[in-house]
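Peer 1: Chain residues, written in single-letter form:
Protein chains: 2
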Amino acid sequence: MDFYKALSTVKSFAEELEKEWVSLDRAPGRVCGSTIRASLSVPSSPLSRWDGFAVGSIDTATASVSRPVALEIVQSEPITAGSYTEPEVAPGRCAKIMTGGLIPPGCDAVVRYEDVTEREGRIFVRSPVSAGDGIIKTGQLIRKGQIITRKGTVISPYNLCILAETGAATLPAFRKPRIGILAIGDELLLPGERLDGPKRYAGGQYFLAGLAEKVFGAFVLNLGIVRDSPEEIEKTVKSVKCIDLLVTTGGTGKGTKDHIDALWKTLNVKELFSGLNIKPGKSSRCGIFNDTLWLALPGGAMGGVVIFTEVLNEIAKIWYDRREVLTPRIRVEVSLTPDGNGFEPGSNYLSFLGFVERKDGEFMFRLQDDNIYRSVNAYIIVPPGENIVPGYTTEATLLMSGWD
Amino acid sequence: MDFYKALSTVKSFAEELEKEWVSLDRAPGRVCGSTIRASLSVPSSPLSRWDGFAVGSIDTATASVSRPVALEIVQSEPITAGSYTEPEVAPGRCAKIMTGGLIPPGCDAVVRYEDVTEREGRIFVRSPVSAGDGIIKTGQLIRKGQIITRKGTVISPYNLCILAETGAATLPAFRKPRIGILAIGDELLLPGERLDGPKRYAGGQYFLAGLAEKVFGAFVLNLGIVRDSPEEIEKTVKSVKCIDLLVTTGGTGKGTKDHIDALWKTLNVKELFSGLNIKPGKSSRCGIFNDTLWLALPGGAMGGVVIFTEVLNEIAKIWYDRREVLTPRIRVEVSLTPDGNGFEPGSNYLSFLGFVERKDGEFMFRLQDDNIYRSVNAYIIVPPGENIVPGYTTEATLLMSGWD
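So the sequence lines, in the order shown, correspond to chains R and C.
Start counting the first sequence at 1; every next residue gets the next number (full-length UniProt numbering).
Start counting the second sequence at 1; every next residue gets the next number (full-length UniProt numbering).
Hint data in this document are derived by calculation from the structure and do not stem from the laboratory.
Predicted model, so just to flag it, every value in this text is computed and none were measured.
Hints may contain errors.
Which copy is meant is left open, because identical chains are indistinguishable; a pair holds if it fits in one copy or across any two.
In silico lysine-lysine, DSS-like type, Cα no more than 30 Å apart, as pairs [stated by the list, open to error]:
#, residue 1, residue 2
1, Lys-176, Lys-214
2, Lys-5, Lys-176
3, Lys-214, Lys-151
4, Lys-19, Lys-214
5, Lys-214, Lys-359
Just chain R, same shape as in the assembly (with noise of 0.2 Å):
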């Protein structure tokens, strides 16, 4: 089946995700799961914009270099930010206030400190000013009403700051999403176990679990190894319950201990895709078995990340209630593996993981080495038929989080 074909078949299967009450200070990361708005206008009354005189703007209407306006200030403490004291000012009077000082009943101007000349108790405006100024009006900053926070953000340190602002102390959050990840292999071992021959430790899992916390925000269950034994698959999906997703690695191949493919009819798995044409990953499969999807990934280290990725970046905009996926994609060059040689382009999409970095001010993606580990961030997906020539350029998906 057509790779992203199957991406937008799973996608009908998914379903938005409930909400629960989030404090400000567990929020960070969180998708938001209704759109926010102000509660109340930031700030709430008129301020003043810097330290000054509040007057009265039709005080000044006359007022010029030659025939300054004299204004008697009010005798009383300066207005400073927060204070209670609002005397009202009478018409020819000011009163002295500070930034962010709240704007007295009988002003609807604030002069500079440095634009007047201060002398017994009086000031002396030279230029007219008009109502309004050097004042931050109710509402200027945030206003009450206004859309704060969209549905299906994930939640950055300036959105809770914006929230703490209009005085929000929680929020409402998508729940996190329960992903369930086993892997299957006669071979595998957790790592603390006994290593011995035809052993290896299992990686593929912790890859996808961090992904599934860092990148999708879900809780995981790490639901350890199982033997290529159908029984003790099946015993072990049954026995999972109120999860959103279950992960499987391994078992997806044709070979004599693949037991995927049988277990699904046993079991009735109602199947969404199968076959696709993007390598790695031909035999991953995806379905329905007790009304939980069920994605099942080939065995290996990494042949399933891209296929979690992609799968998860479409199932997420259901659960989030979002448009776009979570993971940043940027231009890049791709630089060519040391020994200069492509790859054979085929009927399929082929995906390559490998890692973004910046040079000279321009993201390059380097392919990862066949056969030598190196740091992974991202990966790229070519079309069929196409390949990757000298001065490639394509879309790398980043494995981070995004710029919500």
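Start from chain R and add chain C according to the hints.
Peer 2: Just chain C now, with coordinates in the frame of chain R:
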């Protein structure tokens, strides 16, 4: 003081953090505390690269299409990934093997299933194979002793995978730095408190706390709010123990209620910088009090965000023994604010918060509008004397963690 000179001053007073051991599933986002080398090779024994027959290459030396070599198939279960069956394969014989199966003694190559003809318990090989063909050699993916994660790396899902593949169950990580954040100001309220006239909710420390946690990997101590009272500030500051950095906002100006300057003299804070040539934030200062770095930022919701990030980026290099800052930088074109106005270039660096987004494949930086809070995910710093003209490009710093 010159802004960048000030930053380098701060660095010399930070210290590398201690390390702690963390298990793999708690490691993503932590910073690796030592350069880690692979404790074993992957694979740890030679494995078959594909489904086929394990052979001794020497047996096939004379094989040709017209005179194929016949090898007798050892009568046993096929060798599968993870199976312990390892029959010694005598000359003239071969063993059926699946992908990932352990190469049995007596064999040094694997011919693909589809490249031979199987008949009556024998295979017919039609061309010579070389030693090593079809074999994933010991250490071909990861060599024992090879560096797999460098000190100072922010642990990614990929790093987890490689650590797990080499059998690691824990890794040394720098402990999280502890950052105390205190807002100073008579006008400030915490979310949930009752709003009236001259007060406003303090959002700025949530911005800083989010950055401290998500970008700089810190534990945040939210020290709340104190009034503009030297006694209250002193009491709170003296009560905080065991922090790596104290950040205060507010009180840095020259107004009647700005107490930081006088308080620092009273407390004998050893000043590292003050009076920076960058706006906003000129009044920021940094010093040492009780062996702890104290960064005093101006009040306001966002006036200190850029200086906070720049200072933390420098300190984090020392805390985590990194060369690179934690925040990624990308080249952006600055889109002007709607009214098309630039700003007044002067003798200071000017910082602008804003939003980086992709447009036709390029990164655009939308300056934060003067009077409406828009989303913010990055900032730019414009050097003294430069102006933002149409088409102006510069480096933007993203307020997120990077691509280690």
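Peer 1: Indicate, hint by hint, whether the structure satisfies it.
Peer 2: Quick rundown of the hints versus the structure:
1. Taking the closest pair of Cα atoms, Lys-176 and Lys-214 come within 30 Å of each other both inside a single copy (11 Å) and across two copies (18 Å).
2. Taking CA atoms no more than 30 Å apart as the test, Lys-5 paired with Lys-176 passes inside one copy only; the shortest distance there is 27 Å, against 44 Å between copies.
3. In this assembly of identical chains, the alpha carbons of Lys-214 and Lys-151 lie at most 30 Å apart whether taken from the same copy (19 Å) or from different copies (21 Å).
4. Both within a single protomer and between protomers do Lys-19 and Lys-214 lie at most 30 Å apart by alpha-carbon distance, with minima of 19 Å and 22 Å respectively.
5. Within a single copy, Lys-214 and Lys-359 get their C-alpha atoms as close as 26 Å, and across copies as close as 26 Å, so both meet the 30 Å cut-off.
Of the numbered hints given earlier, the model fails none.
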